[in-house]
Every structure is written in structure tokens, then in C-alpha cells.
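*Asks:* The chain contents come next:
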Amino acid sequence: MIGRHKHCLALEDFSREEILEVIDLAVSMKEVLLRPLKKVPSLRGRSVVNLFFEASTRTRSSFEIAAKILSADALNWTAASSSVTKGETLVDTAKNLEAMRPDVLVIRHSAGGAPKLVADHVACAVVSAGDGAHEHPSQGLLDCFTIREALGTLQGKTVAIVGDISHSRVARSDLHAFPKLGAKVRLCGPPTMIPAGVEGLGASVHHDLRTAVEGADAVIMLRIQHERIGDPLIPGTREYSKYWGLNAKKAAEWLKESCVILHPGPINRGVELAPEVADGPRSVILDQVQNGVAVRMAILYLLAGGSPAEPAEAKA
Amino acid sequence: MNAQEVERAVGRLGREIADRARAAGASQGLAIVGIRRGGVHLAQRLRRELAAALGSEPPLGTLDIALYRDDLAERGVAPVVGPTDIRFPVQGKTVVLVDDVLYTGRTIRAALDEIVDFGRPRRVWLAVLVDRGGRELPIAPDFAGVRLDAPDDVDVQVRLREAGAPEDAVVMKRRGT
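Residue numbers (my numbering), protein chains in the order written: chain A, 1 to 316; chain B, 1 to 177.
Calculated from the structure, these hints are not laboratory results.
Treat the hints with care, as some may be off.
[What the hints assert, rightly or not] Okay, derived cross-link-like pairs now, SDA-like style, lysine to any residue, Cα gap no bigger than 20 Å in a straight line:
hint, chain 1, residue 1, chain 2, residue 2
1, A, K6, B, R75
2, A, K6, B, P79
3, A, K38, B, N2
4, A, K30, B, D117
5, A, K30, B, D113
6, A, K86, B, Q91
7, A, K6, B, R120
8, A, K68, B, R135
9, A, K30, B, R109
10, A, K39, B, V80
11, A, K39, B, G119
12, A, K38, B, P89
13, A, K30, A, A55
14, A, K30, B, R69
15, A, K39, B, G76
16, A, K38, B, G76
17, A, K86, B, R75
18, A, K39, B, P79
19, A, K30, B, G76
20, A, K38, B, R75
21, A, K68, B, A73
22, A, K38, B, E49
23, A, K39, B, S56
24, A, K30, B, P79
25, A, K30, B, A73
26, A, K68, B, F88
27, A, K68, A, E31
28, A, K157, A, K242
29, A, K6, B, V80
30, A, K157, B, F88
31, A, K68, B, D113
32, A, K38, B, R87
33, A, K38, B, R109
34, A, K38, B, R69
35, A, K39, B, D117
36, A, K39, B, R69
37, A, K38, B, F88
38, A, K30, B, R87
39, A, K6, B, P89
40, A, K30, B, R75
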């Protein structure tokens with residue numbers, strides 16, 4: 001259980017205390033991750049099934065390593081090689097996997113709400129590893145962890161999120177989490193990529209990169225998805241890079257000395273982020289990857305560390 | 001036990017450990033590890049005693065055994081995990097594990113499993129302020145401040161100033177009262 005939650009589906013539903021429960025525990029998990037012998041027996045005999053309907057290396061490997069460090073067994077299941085291609089429905093797939101008695105199902109799906117649908121039909125814990133343009137809760141939690149680690153706190157800090165906000169589940173999870181920890185959020189991107197009415201969630205909207213990042217304590221650069229290039233949202237990568245990309249010159253002139261730069265990966269070098277910035281001293285991008293394992297260990301431990309769930313027979 | 005008796009017991013533990021370390025030729029390779037939470041402050045006190053007796057301060061670490069518990073499946077929710085902090089190489093050291101109360105021995109079993117994950121110590125000694133009996137595993141202390149035979153329905157609590165107690169004391173309380 002994470003606070004009141006049996007599942008980890010969306011940070012919109014998480015309270016400040018529930019977010020802190022995960023990222024405080026992740027501090028201890030990171031200590032385990034940095035040991036010479038990085039394995040603890042806490043989830044021995046538990047199993048975690050990674051159910052990925054969308055391509056992913058970072059997140060899937062991260063959940064897999066997290067499960068293994070905690071001594072749980074991890075099984076990876078990808079849609080390309082599965083019975084989904086034979087026409088099985090999502091709920092049927094999940095119920096079949098559930099019959100093999102996993103303790104946690106980690107799901108990535110291109111449709112927003114898919115993990116919730118599965119959670120409503122199975123007895124085990126469900127973790128969303130990203131669903132459509134909805135949320136990516138473990139990424140939001142690792143962003144909270146990484147910014148807190150770099151700055152000491154999120155209280156009173158300003159975080160700018162730059163890029164395709166409309167299609168970003170990372171931005172959405174961050175936007176639901178940061179204000180709960182006391183941070184102000186600025187959203188920035190081409191007008192075609194900012195959802196209407198997003199100010200209602202407490203963020204300020206900027207269409208000029210400079211005003212968005214000046215004075216910010218952390219800047220999150222989002223990946224510009226190739227599939228969006230050339231469609232009416234943005235004309236091309238050069239123009240995007242010119243107006244919304246962060247290069248060394250802009251970083252040096254506009255950013256606060258102490259400002260850190262995050263990116264959920266994978267980076268399009270030279271598009272949203274210049275290589276010398278991605279690899280520069282402000283970058284905490286690889287810390288994010290390492291912290292991601294610690295945060296996912298915390299999530300798995302909290303959801304699978306208690307007594308195992310009994311399969312609910314009456315559940316439809 | 002009152003404050004004076006606790007102080008005397010800690011002093012005696014420190015001298016006994018120092019004597020044994022000298023006899024074993026281990027006074028330079030000693031390390032103190034307190035088991036969270038009750039053993040942490042006690043480990044700090046023992047370290048001061050040992051520094052005075054041996055002339056050098058042994059390294060100090062903290063162990064949280066939550067990830068090594070054997071009762072996870074029997075508990076409704078996952079137990080709270082605190083920080084483990086071992087910054088010295090355990091390899092070849094004589095590790096003195098410190099806890100406030102020794103009861104079933106299950107915490108010590110978990111602590112032994114955890115400490116060997118950091119390396120292979122030369123040897124491990126167990127020092128506790130109170131051995132209250134009631135063991136469920138074949139584990140015995142090398143050093144005990146006081147030994148008693150407390151019935152199962154009694155809690156033995158060590159209260160130290162560092163943990164916010166008005167003064168040091170060891171108290172016995174019938175459970176549920």
C-alpha cells in the first residue's frame with residue numbers, strides 16, 4: 001500500500017504524504033542500489049510481471065532491475081510477441097497473466113486509462129509505467145526525487161517544463177506532483193502544444209523560452225516526438241530547436257547558476273537539448289535514470305511488501 | 001535500571017569489548033554497527049568508551065534490517081524502512097553489532113544477513129544492553145549489560161536521553177497496559 005492506494009496509477013490521486021512516502025523510502029533504496037552487493041531479500045518469492053504494449057527500454061529495464069534487487073522474480077511480456085497480435089483483449093491478457101499469480105503487474109499502454117481498467121479486473125497490484133498521454137507516475141516520482149536530491153527541497157522552488165506538453169504523460173504527472181511538494185510550475189512550448197485551460201492546474205504558461213527558464217531552479221526538457229514533426233503542430237526540427245531548444249549559449253545567459261536540467265529520455269540531441277548541455281555540469285539526466293531504479297524499488301516494495309493479495313473470485 | 005545503572009552497564013560493556021579485542025589482536029580492526037533504532041545511540045556510547053580504552057576511535061555504522069525481515073508475508077503492510085549507513089569496508093573487520101534489547105534473536109539473524117552483504121568480516125560479536133531471554137533462534141550475545149528472564153507478555157524498553165527520554169532507564173511494562 002502507498003498510503004491509501006493498492007495500485008500506483010496516477011499522481012493526480014496521490015497526496016503530498018503519499019508522494020513523500022515513496023521518495024523518502026527511495027532514499028534507503030538508493031543506498032541499497034549503491035552497495036557493492038546490490039541485493040536484499042525483501043521480496044523473495046514475489047513476482048513482478050512487466051506487461052508492455054508500447055516500446056520502452058529505460059522504464060522496462062528499470063522496473064526489471066528494481067524487482068531483481070529486491071529479490072522478486074521479474075517476467076517481461078511484450079505485445080509484439082504476444083497473443084494480442086492474435087486478437088486477445090487487454091482484460092483477457094491481464095486475467096490470463098493474473099492466473100499465474102504475480103504480485104505486481106506493471107503496465108505500459110498507448111491508451112490512457114488502460115492500467116486502471118486492468119486494476120479494476122485483477123486482484124494483484126497494478127503499476128502504470130505510462131498510459132497514453134495520461135500519466136507516467138513513476139517518472140513523476142523520480143523527477144520529484146531527483147529535484148529534491150539536487151536542490152534539497154521542492155518547497156518554494158520553480159520548475160519549468162518545456163516541450164510538447166499536450167502529448168506528454170511525464171509533464172502531466174510532474175504537474176500533479178510538484179505543486180503538492182510546494183513547487184511552482186511553468187509550462188512552455190509552442191502554442192499548438194499547450195493544452196487549453198492547463199492554468200487551472202496551477203501552472204503558468206509561457207510561449208517564450210527565455211521567460212520560462214529565467215530564474216527557474218530546475219528545467220525539464222521534454223523529448224520532441226518524431227511522429228509529431230511535420231504534422232501541423234510544428235513545421236520542422238530546425239525551427240523547433242531555434243525557438244524551444246536549449247543550447248549552451250541560452251543556458252549560460254538565461255539560467256540561474258544553480259539551475260539543474262532534467263530530461264525523461266530518450267534525448268534528441270541537437271533538437272530539444274544541445275549535447276554540451278545534456279552532458280554538462282547542470283545535467284542530472286543520468287541521476288534521473290539511477291534514481292528511477294530506487295523509486296521503482298520503493299513502489300514495488302510498498303505494493304508487494306505486505307501480505308500477498310488473495311485472488312478475488314467474486315470479482316468480475 | 002536507573003540512569004546510574006545504565007551508565008555503569010555501558011561502561012562495563014565497553015571495557016569487556018576492549019579487553020576481548022586486545023586479547024584477539026583486533027583492537028585496530030574493530031568496527032561498531034548499531035541496529036536501528038534502539039542500537040544506534042548505544043553504539044555511539046560504546047564507541048566513545050572503546051575510543052577511551054583503546055586510544056583510537058573505531059568506525060561507526062548503522063543498520064536498518066527492515067528489508068531483511070522474515071515476517072513480511074505475515075504483515076498487512078510493508079514495514080517502514082530506515083537508512084542503513086555503512087561507510088567503511090567490512091572486509092576483515094571485527095564487527096561489534098549493537099542492539100538495546102535481545103529477545104527472539106530474529107533481528108540479529110536479519111542483521112547478520114545484511115552485514116555479510118557488505119563484505120566478509122573477520123568476525124562478528126554481539127553486544128546488547130539487556131538480554132531478556134525468550135530466544136526463537138540459536139543466537140547468543142557475546143556481551144550483555146544485564147541478563148534477565150522476562151515473561152512473553154512483558155515489554156522491556158530501553159529509554160535513552162539521546163532518544164528524548166528525560167533520563168536513561170530500562171523499564172519493564174506488561175503489554176497492553
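*Asks:* Taking only the CA atoms, is the gap from K38(A) to G76(B) under or equal to 20 Å?
*Replies:* 26 Å, violated
*Asks:* Holds or violated: are the alpha carbons of K86(A) and R75(B) at most 20 Å from each other?
*Replies:* 41 Å, violated
*Asks:* For a C-alpha distance cap of 20 Å, please report whether K39(A) and V80(B) respect it.
*Replies:* The hint holds at about 18 Å.
*Asks:* Given the hinted pair K38(A) and N2(B), is their alpha-carbon gap at most 20 Å?
*Replies:* Measuring from Cα to Cα gives roughly 42 Å; hence the hint is violated.
*Asks:* With the threshold set at 20 Å, check whether the alpha-carbon distance from K157(A) to F88(B) stays at or below it.
*Replies:* 35 Å, violated
*Asks:* Quick one, are K30(A) and R87(B) close enough, alpha carbons at most 20 Å?
*Replies:* The hint holds at about 14 Å.
*Asks:* Please verify whether K68(A) and D113(B) have alpha carbons no more than 20 Å apart.
*Replies:* Holds, at roughly 18 Å.
*Asks:* Given the hinted pair K38(A) and P89(B), is their Cα-Cα distance within 20 Å?
*Replies:* 15 Å, holds
*Asks:* Quick one, are K39(A) and R69(B) close enough, alpha carbons at most 20 Å?
*Replies:* Within the cut-off at roughly 14 Å; holds.
*Asks:* Does D117(B) sit within 20 Å of K30(A), going by the straight-line distance between their CA atoms?
*Replies:* 15 Å, holds
*Asks:* Compare the distance between the alpha carbons of K30(A) and P79(B) with 20 Å, and conclude whether the hinted pair is satisfied.
*Replies:* 17 Å, holds
*Asks:* Given the hinted pair K68(A) and F88(B), is their alpha-carbon gap at most 20 Å?
*Replies:* Distance of about 25 Å is beyond 20 Å: violated.
This entry does not satisfy hints 3, 6, 7, 8, 9, 13, 15, 16, 17, 19, 20, 22, 23, 25, 26, 28, 30, 39, 40, going by the numbered hints stated previously.
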